[in-house]
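Student: Listed here are the chains, written in short residue letters.
Protein chains: 2
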Amino acid sequence: MSLNPQRTVAELKELRALTADENGAQRVAWTDTWLRAREWFAAKVKELPVEQHRDAAGNHWVTLAGASEKALLIGGHLDSVPNGGWLDGALDLLAGLEVLRRIASGFGGRPPVTVRLVDWADEEGARFGRSVLGSSAFAGTHSIAADRGRTDRDGVKLEDALRRCGVEIDQFPEARKERKNAAAYIELHIEQGPVLERMGLPLGVVLGTKGVERHIITFHGQEAHAGSTPMNARRDALAAAAKLALEIRSIAGKHEEAVCTMGSVKTFPGIATAVVGRCEATLDQRDLDAGVLAQMYREAQEASRRFAAEENCTVEWTRLWNIEPVPFHKDLLELCEQAVRETSGAAHRLPSGPLHDAAEVARAGIPSVMMFVQSLKGISHNKIEDTREEHLEMAVVALDRLASKTMEWILTQR
Amino acid sequence: MSLNPQRTVAELKELRALTADENGAQRVAWTDTWLRAREWFAAKVKELPVEQHRDAAGNHWVTLAGASEKALLIGGHLDSVPNGGWLDGALDLLAGLEVLRRIASGFGGRPPVTVRLVDWADEEGARFGRSVLGSSAFAGTHSIAADRGRTDRDGVKLEDALRRCGVEIDQFPEARKERKNAAAYIELHIEQGPVLERMGLPLGVVLGTKGVERHIITFHGQEAHAGSTPMNARRDALAAAAKLALEIRSIAGKHEEAVCTMGSVKTFPGIATAVVGRCEATLDQRDLDAGVLAQMYREAQEASRRFAAEENCTVEWTRLWNIEPVPFHKDLLELCEQAVRETSGAAHRLPSGPLHDAAEVARAGIPSVMMFVQSLKGISHNKIEDTREEHLEMAVVALDRLASKTMEWILTQR
Numbered sequence: 486m487s488l489n490p491q492r493t494v495a496e497l498k499e500l501r502a503l504t505a506d507e508n509g510a511q512r513v514a515w516t517d518t519w520l521r522a523r524e525w526f527a528a529k530v531k532e533l534p535v536e537q538h539r540d541a542a543g544n545h546w547v548t549l550a551g552a553s554e555k556a557l558l559i560g561g562h563l564d565s566v567p568n569g570g571w572l573d574g575a576l577d578l579l580a581g582l583e584v585l586r587r588i589a590s591g592f593g594g595r596p597p598v599t600v601r602l603v604d605w606a607d608e609e610g611a612r613f614g615r616s617v618l619g620s621s622a623f624a625g626t627h628s629i630a631a632d633r634g635r636t637d638r639d640g641v642k643l644e645d646a647l648r649r650c651g652v653e654i655d656q657f658p659e660a661r662k663e664r665k666n667a668a669a670y671i672e673l674h675i676e677q678g679p680v681l682e683r684m685g686l687p688l689g690v691v692l693g694t695k696g697v698e699r700h701i702i703t704f705h706g707q708e709a710h711a712g713s714t715p716m717n718a719r720r721d722a723l724a725a726a727a728k729l730a731l732e733i734r735s736i737a738g739k740h741e742e743a744v745c746t747m748g749s750v751k752t753f754p755g756i757a758t759a760v761v762g763r764c765e766a767t768l769d770q771r772d773l774d775a776g777v778l779a780q781m782y783r784e785a786q787e788a789s790r791r792f793a794a795e796e797n798c799t800v801e802w803t804r805l806w807n808i809e810p811v812p813f814h815k816d817l818l819e820l821c822e823q824a825v826r827e828t829s830g831a832a833h834r835l836p837s838g839p840l841h842d843a844a845e846v847a848r849a850g851i852p853s854v855m856m857f858v859q860s861l862k863g864i865s866h867n868k869i870e871d872t873r874e875e876h877l878e879m880a881v882v883a884l885d886r887l888a889s890k891t892m893e894w895i896l897t898q899r
Numbered sequence: 486m487s488l489n490p491q492r493t494v495a496e497l498k499e500l501r502a503l504t505a506d507e508n509g510a511q512r513v514a515w516t517d518t519w520l521r522a523r524e525w526f527a528a529k530v531k532e533l534p535v536e537q538h539r540d541a542a543g544n545h546w547v548t549l550a551g552a553s554e555k556a557l558l559i560g561g562h563l564d565s566v567p568n569g570g571w572l573d574g575a576l577d578l579l580a581g582l583e584v585l586r587r588i589a590s591g592f593g594g595r596p597p598v599t600v601r602l603v604d605w606a607d608e609e610g611a612r613f614g615r616s617v618l619g620s621s622a623f624a625g626t627h628s629i630a631a632d633r634g635r636t637d638r639d640g641v642k643l644e645d646a647l648r649r650c651g652v653e654i655d656q657f658p659e660a661r662k663e664r665k666n667a668a669a670y671i672e673l674h675i676e677q678g679p680v681l682e683r684m685g686l687p688l689g690v691v692l693g694t695k696g697v698e699r700h701i702i703t704f705h706g707q708e709a710h711a712g713s714t715p716m717n718a719r720r721d722a723l724a725a726a727a728k729l730a731l732e733i734r735s736i737a738g739k740h741e742e743a744v745c746t747m748g749s750v751k752t753f754p755g756i757a758t759a760v761v762g763r764c765e766a767t768l769d770q771r772d773l774d775a776g777v778l779a780q781m782y783r784e785a786q787e788a789s790r791r792f793a794a795e796e797n798c799t800v801e802w803t804r805l806w807n808i809e810p811v812p813f814h815k816d817l818l819e820l821c822e823q824a825v826r827e828t829s830g831a832a833h834r835l836p837s838g839p840l841h842d843a844a845e846v847a848r849a850g851i852p853s854v855m856m857f858v859q860s861l862k863g864i865s866h867n868k869i870e871d872t873r874e875e876h877l878e879m880a881v882v883a884l885d886r887l888a889s890k891t892m893e894w895i896l897t898q899r
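Protein chains in written order, with the numbering used here: chain Y, 486 to 899; chain V, 486 to 899.
If chains are identical, the list can't say which one is meant, so a pair holds when it fits in one copy or spans any two.
With a cut-off of at most 20 Å between alpha-carbon atoms, the simulated SDA-like pairs for lysine to any residue come out as follows: (1) K862 with Q707; (2) K890 with P490; (3) K862 with P715; (4) K751 with R763; (5) K862 with R834; (6) K751 with L731; (7) K862 with H705; (8) K751 with E765; (9) K751 with I701; (10) K868 with P754.
In case anyone wonders, no lab produced these hints; they're calculated from the structure. What you are looking at is a predicted structure, and each value in this text was computed from that prediction instead of being measured.
Pulled out of the complex, with its shape left as it was, chain Y reads as follows:
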């Protein structure tokens, strides 16, 4: 049986019909719709000569035994955000399924290395605010104590929602067993950004996932009457924040791929007739280079203090979240570039702004790489998320090529 990329597109549409409504995909992890998607997937897998099981964190493993126990892992995730798109996560897994079918039908039924397809549980963290949950259990980077008490908007506890799906959070450490013999990890994903579309390229090689520094910055000034307070007597907290909102663009602009975003500004008292006494702004900074990230963070802090002083305000920073950059494996980047170039004629290397399961796998020390396929208008996490079908098919072909190259590479490792 040869690779059939059209079948992947057809299966994506089948899944969409099964799990989307007029607002988009509804495969939120630990919900009935997600479980239905997983049953649908398990039934597809049953036709193959594979072993399948769920691990202690709910990740679904499909194993095609090979001549060597060393395993190539191919990953994806069926879960989506609420009102999500048809491709985010599902493309990765269904393209991997097609690659697995091709491998299973060749090599006289026994490929040179073991190949394992994994459907990670709860990549999005959409319901409980904890992303890459299943892959963090695999990687041993999970945080059970902090996560077990998380609740969804209806007050349901994370641990109870997992239990309902047959997963005990206390058993998470057991998921690390799946790392045994893992020799490499590859993952295809839609870009979720506009870079490849702007360059006119169907496919890209992902350098790694950017590190993130995410903070709330609060400027304190003095609330005052908008009518009776002269301009030169004001301590306007919004003015300090506005200066920072503009300055972060210079801070990011010194580095090619770096981004800085002020996504939320809140003003207090926040009425038309009062000078802003307090302003809370979020700052999200990302880069693939830890040194660049640290420099941007430092520069933003310095700028905020300078602007606070200029406006006769004070400033305080509160960290919301941070994660270090995760660069992908040098050899696999080269293989990915070959696969992309052979498929589409050109290859561009770019970092991933969003976090992915591949980063957790890489943090566990397993050589990893990701491939991106173009996103139309760079839009994701939305029902209008889309990619041209010809590009989806090219992505399946390129992932298949990357799988073959990586299997060969695994055999060359000591």
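Put chain V on the given structure of chain Y with help from the hints.
Tutor: Same frame as chain Y, now just chain V:
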């Protein structure tokens, strides 16, 4: 009986004990506490040889008949904002009461002109969002159709709240009768701003009330992923608003007394991980000169369009409210300056940012002027609102001088 400014301070404290709690003054118009304050005031007035009545809008008139029917009006308001200060409005009325006592005890019981003290109903508009309600009925600038359906936060209708206090909104036009023979209007008020304190002056002459242009400005960009959207591919609505937040300071800065305030900024979707797709900001612009106000409004519009274009966004303006500037009467400004100078040795002329009942009276064509007394730290509409007692006493003396000068001036008018 000679003027007793200490009595005014004592009466202010008496009123505070009667109508304030641990959070400040609670004399919100059309509430029981406000009615209690008005009863207390009516009882004080009863000791004087005056006629008193409520007009059709609930304004309380106290009339001391004089040799001429031409009347000097002295105004104030007992109503406060919730959790307000002890001086805003009440000082005006109680200082006026003391001046009325002094006049009533002189001139052999018959002053050369009639003197009328008025307690305006609902200057603050704190409960229904419609300020200077009573004085607008007097001035004929009321807006019954728009106001009758207003509701408070409990859903009580304005017209029902007024009826409970014996006021029928349909009768508002009758309040214009009180304008008969009105020859001049004077009003004392706390500054509610920091200007006099910064200049070290107890008292000031108010040039008029500033005109106001108040708008919501909405910038539309494109919501985008904070991690995957390159800096140069963004349409950041917050960036356009931030530029405007800074630019309005240059726009106001060209004019000595002008102010421009961005008091509220709202970001959408307003999350740390998304570039701001839509940003709503308020802009409040004020000046005493209608030409300056129009110029500032035009410049802000032009700037907003320029910044929207620079950020690849669009912009729309929605007017929230506007009012023209109301300059006070030239002759009365001169008399007020004399009174202030004779009392405190120096006089400074300044516009009022906040609106006052005096502006409504002036709009009715009655020569009007206001006097300010210093506010500590420029803070008002707050329980910490305060003024030094020696300054309060000077203000009573200066208002009395202004009353005498204005009575003489009235007699010189045709």
